[in-house]
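Enquirer: Heads up: the sequence lines are chains A and B, in that order.
According to the numbering used here, the first sequence is numbered sequentially starting from 322.
According to the numbering used here, the second sequence is numbered sequentially starting from 322.
Check each hint, because a few of them may be wrong.
No copy labels: a pair is met if it fits in one copy or bridges any two.
Mimicking SDA-like on lysine to any residue, the simulated pairs with C-alpha atoms at most 25 Å apart in a straight line are [what the hints assert, rightly or not]:
1. Lys652 x Arg626
2. Lys495 x Glu442
3. Lys652 x Ala691
4. Lys652 x Gly779
5. Lys652 x Ala335
6. Lys495 x Asp408
What the hints contain is simulated information worked out from the structure, not anything from laboratory work.
Fair warning: this is a prediction, and the values are worked out from it, not measured in the lab.
Residue-level listing of the chains:
Protein chains: 2
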Amino acid sequence: MSDRILASQARPLARVKSWDLEADVVVVGLGIAGACAAMEAADAGADVLVLERAGAGGGTSANSGGLVYLGGGTPVQKACGFDDTPDEMFAFLAAISEPGADSERIRLFCDESVEHFHWLESKGLTFKRSFYEEPGLESMTDDCLVYTGGENCHPWSGLARPAARGHKPQTVGKAGPFLMQCLLASVDRHPLRSEANVLVETLVVDAAGAVVGCVARRAGRELLVRARRGLVLAAGGFIMNEEMLALHAPTLLRCNVRNGVDGDDGRGIRMGQGAGGDVLRMGLGEVALPSTIPNRLSRGIYLNRHGQRFINEDTYYGHVGIEGLLRQDGKVYLLLDENSYERGLVGLEPRWVAETIAELEREAGFPDGALQATVELYNRHAAQGEDPVFHKRKEMIRPVDTPPFALIDSGTDAAIWATFTIGGLRTDRDARVLTPDGLAISGLYAAGRSAALFCGQGYPGSGISLADASYFGRRAARHAAAQGH
Amino acid sequence: MSDRILASQARPLARVKSWDLEADVVVVGLGIAGACAAMEAADAGADVLVLERAGAGGGTSANSGGLVYLGGGTPVQKACGFDDTPDEMFAFLAAISEPGADSERIRLFCDESVEHFHWLESKGLTFKRSFYEEPGLESMTDDCLVYTGGENCHPWSGLARPAARGHKPQTVGKAGPFLMQCLLASVDRHPLRSEANVLVETLVVDAAGAVVGCVARRAGRELLVRARRGLVLAAGGFIMNEEMLALHAPTLLRCNVRNGVDGDDGRGIRMGQGAGGDVLRMGLGEVALPSTIPNRLSRGIYLNRHGQRFINEDTYYGHVGIEGLLRQDGKVYLLLDENSYERGLVGLEPRWVAETIAELEREAGFPDGALQATVELYNRHAAQGEDPVFHKRKEMIRPVDTPPFALIDSGTDAAIWATFTIGGLRTDRDARVLTPDGLAISGLYAAGRSAALFCGQGYPGSGISLADASYFGRRAARHAAAQGH
């Protein structure tokens with residue numbers, strides 16, 4: 322439409338003649354952040370209105386793996402024999418967030434993680450009391466607990482007592498759809514209003530700069546919506562906005578799979594900026610290289626384009642993705658031998674096969690001697706069950722010495738690389754949106770990928786985004802619901 | 322003072338009762354961007370007022386090396402036999418800016434670089450028609466032209482015809498003070514007003530969102546300043562603001578030298594954000610590892626903490642800095658042998674010395690065999706005058722094979738690492754500040770380090786920041802001066 326409203330052009334209250342809809346707390350977006358915010362606000366006694374631009378709730382959360390990163394001693398962790406504490410969880414997340422860790426928010430998140438687990442169960446999610454041993458990968462069974470952040474790998478295993486913290490809701494297969502099905506059913510049981518097919522276009526701000534509502538569009542008509550106590554932006558990130566990616570996170574453009582839905586066009590972030598919000602970490606993303614998941618392959622070695630190793634192959638595949646994309650320019654190869662190669666694994670057809678490493682090196686075009694030097698060094702230590710260079714775990718170490726040798730091209734031009742944005746609005750412990758000077762904007766909250774992820778310089782582990790979104794969505798709601806009218 | 326005004330809290334025009342000062346174009350800050358903007362606006366017939374928070378102009382520009390990155394066939398390049406063109410200059414800067422290059426602005430910058438050279442000379446700068454052969458380093462003599470961006474190194478030498486483009490103003494020693502002395506003297510000869518000791522605190526915006534002035538403070542008293550045609554933020558970056566660094570660019574905190582003055586507290590950027598401006602590349606910085614400058618040392622090899630090489634040692638020291646900081650976590654070592662070591666070079670005392678590489682490896686704590694494997698591979702190729710792994714230039718290649726061997730710790734804990742921020746306000750070809758939706762904010766311009774650098778994902782080469790600041794400062798001024806009253 323020609324009168325299309327730009328997200329960052331907040332509308333002054335003075336230009337609002339009357340409101341079409343009103344609520345104490347208005348929630349923009351019905352993924353996991355919006356669903357949790359809506360229920361928490363309703364439970365706090367607020368009159369809640371949820372506005373979702375798609376035909377139904379779910380968003381990117383419903384397309385995700387469905388893991389939720391929880392710990393500090395959840396019932397599942399206890400049942401599976403993990404002795405986790407908030408302190409150990411904090412030690413891991415704080416370390417992985419350096420430099421620049423937001424200790425206050427990480428601390429809160431860890432201290433209240435067990436409570437958050439119980440709250441999620443009270444809202445209809447179930448988690449089987451079981452451990453799935455294949456690290457990094459959510460179970461295809463209905464098993465729950467899994468290592469998803471390399472907690473038991475170098476260097477983290479030396480910094481905090483390892484504990485599995487990825488919690489998969491109890492369902493067979495991919496859990497994202499199930500997760501949102503449970504939460505949306507629970508939303509329906511709460512005393513709140515929810516409308517689909519309503520696009521929130523921009524925010525309404527009063528003369529003092531407070532957010533007091535929003536301008537939405539329903540069936541082509543403008544709708545003015547008043548938020549008496551607060552408005553929660555839970556409208557996703559910007560992974561589907563090519564222009565924003567090119568500007569803010571151009572490296573992510575190299576990834577060929579975008580984990581998002583149409584709504585992830587950055588409108589939530591831009592609306593917040595239009596009301597004065599600052600943004601953080603806009604250049605960062607979660608980057609997953611799914612072909613690196615299967616643990617068996619950790620026995621092979623990852624190589625960069627110089628024929629060098631660059632990471633302990635047993636770590637979380639998101640760490641391989643970040644390292645591979647940001648530090649190795651997305652040029653990554655996996656070397657396997659007869660013992661470590663397994664046919665039929667997705668995306669793992671070898672591009673080159675040879676009887677000797679020298680031959681493989683030549684065929685793949687590595688510098689003369691480079692691959693050989695790397696493999697010799699690795700094998701020499703591997704024969705002793707050691708990896709003093711990158712510290713792969715002992716049980717994953719095996720010499721790469723049995724022909725034929727296979728080299729798999731796992732680079733961005735050849736393999737699946739999946740990504741979503743983790744930068745967004747700057748928020749505080751109560752998910753209030755902050756200005757560049759650190760002042761909270763009255764009435765405005767952000768959670769989920771409309772906000773900058775609360776931890777990490779990259780992406781700490783699978784399940785962090787859903788945990789961040791649900792936990793800080795709730796905190797936003799509680800703070801908003803408690804505001805005066 | 323208790324009534325301290327936050328930069329991002331723009332003041333609505335409705336709250337301004339009267340103006341204390343007025344001008345067509347108001348320039349905030351008198352470093353190179355502000356100086357060039359002020360002169361250009363005055364030359365265009367505008368009534369100009371410059372406000373500088375310090376006691377005198379100069380800013381960080383006066384503390385810099387003073388190189389200006391110019392090319393496309395400047396008189397100095399021609400006199401020194403370089404056959405440069407705007408196309409070749411563009412090819413280099415566009416390639417080094419990928420992914421996400423802003424082709425339009427890079428193109429303009431290259432196309433008008435010769436004109437900009439003449440303009441700078443017309444404003445009192447002189448550039449000797451001479452070439453200084455030591456790459457990367459500005460001359461200590463009054464010689465002018467120097468390679469400052471690795472244009473003649475891999476991979477750039479294969480992407481564009483190499484040309485030296487670092488132009489040092491004609492003075493012996495560090496040229497930054499001289500550069501600003503010349504420009505400030507020229508400013509004084511222009512018909513414009515300039516006030517020192519005036520801190521601009523925030524912007525004044527009208528009901529439509531246009532910037533129409535600013536709130537400043539002089540001798541403790543508030544001063545309302547009207548900008549009839551436009552206001553140019555040329556107030557520096559945020560390298561001296563620890564909180565902003567921790568939030569936006571935490572990796573830069575590892576650098577132990579901050580290239581900035583007090584005024585680089587991010588206020589310019591935050592003011593722009595408060596008026597609706599978007600920010601870009603806030604996580605990035607220029608990172609220089611000065612001990613990597615001396616060209617002779619390119620004959621040694623750089624190592625990361627795994628004992629691997631990671632870069633062609635002959636490249637621009639800013640590339641070594643960026644790679645070393647962002648990809649190698651600031652853990653960098655330089656290996657030299659008897660032939661390549663020279664005593665007395667600043668910051669280059671070896672931490673370990675040994676008669677064999679194996680011994681050095683053990684003493685320095687590298688993984689067993691790692692350093693030996695690296696050196697063997699390097700030496701094998703070096704003996705043939707080749708470096709197929711990192712592509713150091715032939716004339717810089719020499720085997721590291723003559724004992725004793727020395728290892729210098731060039732890491733962030735041991736050597737000098739210097740940095741400044743290159744992220745800032747998002748601007749267009751005329752240096753107009755843009756909203757998150759890409760709309761120009763009427764009346765508002767940004768140049769120098771208050772704006773995001775126009776090119777690069779890191780820092781392309783010495784002299785880029787001063788060139789960006791001066792060139793886009795001029796464009797801002799021309800556009801602003803041409804606005805209706």
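Enquirer: Now look at each hint and say whether the structure bears it out.
Expert: Here is how each hint holds up against the structure:
{"no.": "1", "hint": "Lys652 x Arg626", "in the structure": "both (6 Å within a copy, 21 Å between copies)"}
{"no.": "2", "hint": "Lys495 x Glu442", "in the structure": "within (19 Å within a copy, 66 Å between copies)"}
{"no.": "3", "hint": "Lys652 x Ala691", "in the structure": "both (16 Å within a copy, 22 Å between copies)"}
{"no.": "4", "hint": "Lys652 x Gly779", "in the structure": "both (18 Å within a copy, 19 Å between copies)"}
{"no.": "5", "hint": "Lys652 x Ala335", "in the structure": "neither (54 Å within a copy, 56 Å between copies)"}
{"no.": "6", "hint": "Lys495 x Asp408", "in the structure": "neither (30 Å within a copy, 51 Å between copies)"}
The structure fails to meet hints 5, 6 from the earlier list, while all remaining hints are met.
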